[in-house]
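The listed protein sequences correspond, in order, to chains H and L.
Position 41 (the first sequence) corresponds to 40 in numbering that gives the first Met the number 0; numbering is contiguous.
Position 71 (the second sequence) corresponds to 70 in numbering that gives the first Met the number 0; numbering is contiguous.
No lab work stands behind these hints: they were computed from the structure.
Positions of the beta carbon are idealized from the N, C-alpha and C atoms, including for glycine.
One or more hints might be untrue.
Said to hold, decoys possible - Label-pair ranges, simulated between beta-carbon atoms:
1) H:Q32 / L:E154: 45 to 53 angstroms
2) H:P101 / L:A79: 31 to 39 angstroms
3) L:Y84 / H:E8: 44 to 52 angstroms
4) L:Y84 / H:S116: 23 to 31 angstroms
5) H:S90 / L:E154: 33 to 41 angstroms
Claimed, not checked - With a straight-line Cα cutoff of 25 angstroms, these simulated DMTMM-like cross-link-like pairs (lysine to aspartate or glutamate) come out:
6) L:K25 / H:D87
7) H:K163 / L:D112
8) L:K117 / H:E9
9) H:K105 / H:D87
10) L:K116 / H:E135
11) L:K10 / H:D87
12) L:K25 / H:E9
13) L:K10 / L:D112
14) L:K10 / H:E9
15) H:K163 / L:D111
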Amino acid sequence: MATTPRIPEEYAQGFTMLAGDQNSPAARIAIPQELNRLAGIPIASARSLQLDPVLHECVRLFNANYQGCEYCKNARQAVAVQAGLDEDMVSKLTRFETSDLPERTKAALRITDALASAPQMLTDEIWNGARQHFSELEVVDLVLLSCYTTGSRVAIILGVEPGKEASSRLFYPTDPVYGDSPDLNAAIEALKEGGVAVKERGEGYDRIPMG
Amino acid sequence: MSRVERPAAGKTELDQVWGLRPHFYKEFMADHARSIARVDPVILELCRLHMATVFTSAFSLALRYRPALDAGLTEEKIAAIPRAYNSPLFSPAERQCLQFAEQFAIQASSIDDGDVKKLEEAIGVEPMIYLIKALSVMDQLQRSTVAFRLAPPAEVPDTLPDFEIVKLAA
Chain H
0 MATTPRIPEE YAQGFTMLAG DQNSPAARIA IPQELNRLAG IPIASARSLQ
50 LDPVLHECVR LFNANYQGCE YCKNARQAVA VQAGLDEDMV SKLTRFETSD
100 LPERTKAALR ITDALASAPQ MLTDEIWNGA RQHFSELEVV DLVLLSCYTT
150 GSRVAIILGV EPGKEASSRL FYPTDPVYGD SPDLNAAIEA LKEGGVAVKE
200 RGEGYDRIPM G
Chain L
0 MSRVERPAAG KTELDQVWGL RPHFYKEFMA DHARSIARVD PVILELCRLH
50 MATVFTSAFS LALRYRPALD AGLTEEKIAA IPRAYNSPLF SPAERQCLQF
100 AEQFAIQASS IDDGDVKKLE EAIGVEPMIY LIKALSVMDQ LQRSTVAFRL
150 APPAEVPDTL PDFEIVKLAA
């Protein structure tokens, strides 16, 4: 674990998925499972948010940096990497305004940045600026995703954020952390039908060297 | 009127905007309901309204959490939240929770070991874990209501069944 737990070990174990005894304190707090289940929702699919995977990942990684979540910062969604996300792009996210990232990406990150700071900072200028690049529905998705990806604060505050060594790899939607719901399985099938390469469950990880 | 010009059908602006992504809305609100139900209702409502004031969420400020009202929370006490640190209406535990909620909403990254320790001493470890998860989902929802500029609802959204519209004395 990267950070020192601020809660007793018998609870912290729940966040590292080590809780074997279903009656243990770790198993009683359902929060780790809830966070994982929700993490499986925003993969671009018919029943979820539908931003393009690269933009989706830029928003998520910007918030990971903002919140200081090492685990989130050192994970990459395989779907986004397959769609063109590269490390040069990722390195520019925190200083996006002065970067050479596309204006479209900057317009999206202005929404995420404002929401992470204070939602009142999402001005008409930022909203209308985004509308020059995105449909209204895409802007709605950007807001929902920007709000949703602040959820790592729970683990960070409790001192149970797993750290970068626990991620540092590509995450396929078949990864165990996303669970095994019918909705997720339908999304995975849709991705495959769309030509996206998705590892089967249990096929192992693709580790990638990162900060 | 919200910022979204082409909303979905729905009873309130929350339903109309979040309802553009019905599956995400349903899943998120199910988690929201589960998360807030595990917290002492009065503490939860005090924190929720304090965060709504910080964010200026007109939508959230127009609602009241019925279990908190049933447990004795009054409008007099709600009105005193900004003065909670000096008001005899608040217990030490309530003050500690309000301070933590404010810090969570304004700058969660500034929360340190000492802040968590004080909260744990005030309410206990398991209630603290549940409160922090509840603060997270309430924070996420409230940020969105401000971003979308949702108007105070005239009716309670079906996704917030334990809430009611605030009744203020004329």
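Quick rundown of the hints versus the structure:
1. H:Q32 / L:E154: 45 to 53 angstroms: 33 angstroms Cβ-Cβ, so the 45 to 53 angstroms window is violated.
2. H:P101 / L:A79: 31 to 39 angstroms: 50 angstroms Cβ-Cβ, so the 31 to 39 angstroms window is violated.
3. L:Y84 / H:E8: 44 to 52 angstroms: Because 34 angstroms falls outside the window, the suggested range is violated.
4. L:Y84 / H:S116: 23 to 31 angstroms: holds, 25 angstroms
5. H:S90 / L:E154: 33 to 41 angstroms: Cβ of S90 of chain H to Cβ of E154 of chain L: about 48 angstroms, so the range 33 to 41 angstroms is violated.
6. L:K25 / H:D87: Violated, at about 36 angstroms.
7. H:K163 / L:D112: The given pair, whose Cα atoms are some 21 angstroms apart, holds under the 25 angstroms limit.
8. L:K117 / H:E9: holds, 20 angstroms
9. H:K105 / H:D87: holds, 15 angstroms
10. L:K116 / H:E135: violated, 44 angstroms
11. L:K10 / H:D87: Roughly 45 angstroms separates the two Cα atoms, so the pair is violated.
12. L:K25 / H:E9: violated, 32 angstroms
13. L:K10 / L:D112: Distance ~43 angstroms between K10 of chain L and D112 of chain L Cα, so the pair is violated.
14. L:K10 / H:E9: Not satisfied, since the Cα-Cα distance of roughly 44 angstroms exceeds 25 angstroms.
15. H:K163 / L:D111: holds, 20 angstroms
In terms of the numbered hints stated before, the structure departs from hints 1, 2, 3, 5, 6, 10, 11, 12, 13 and 14, listed from lowest to highest.
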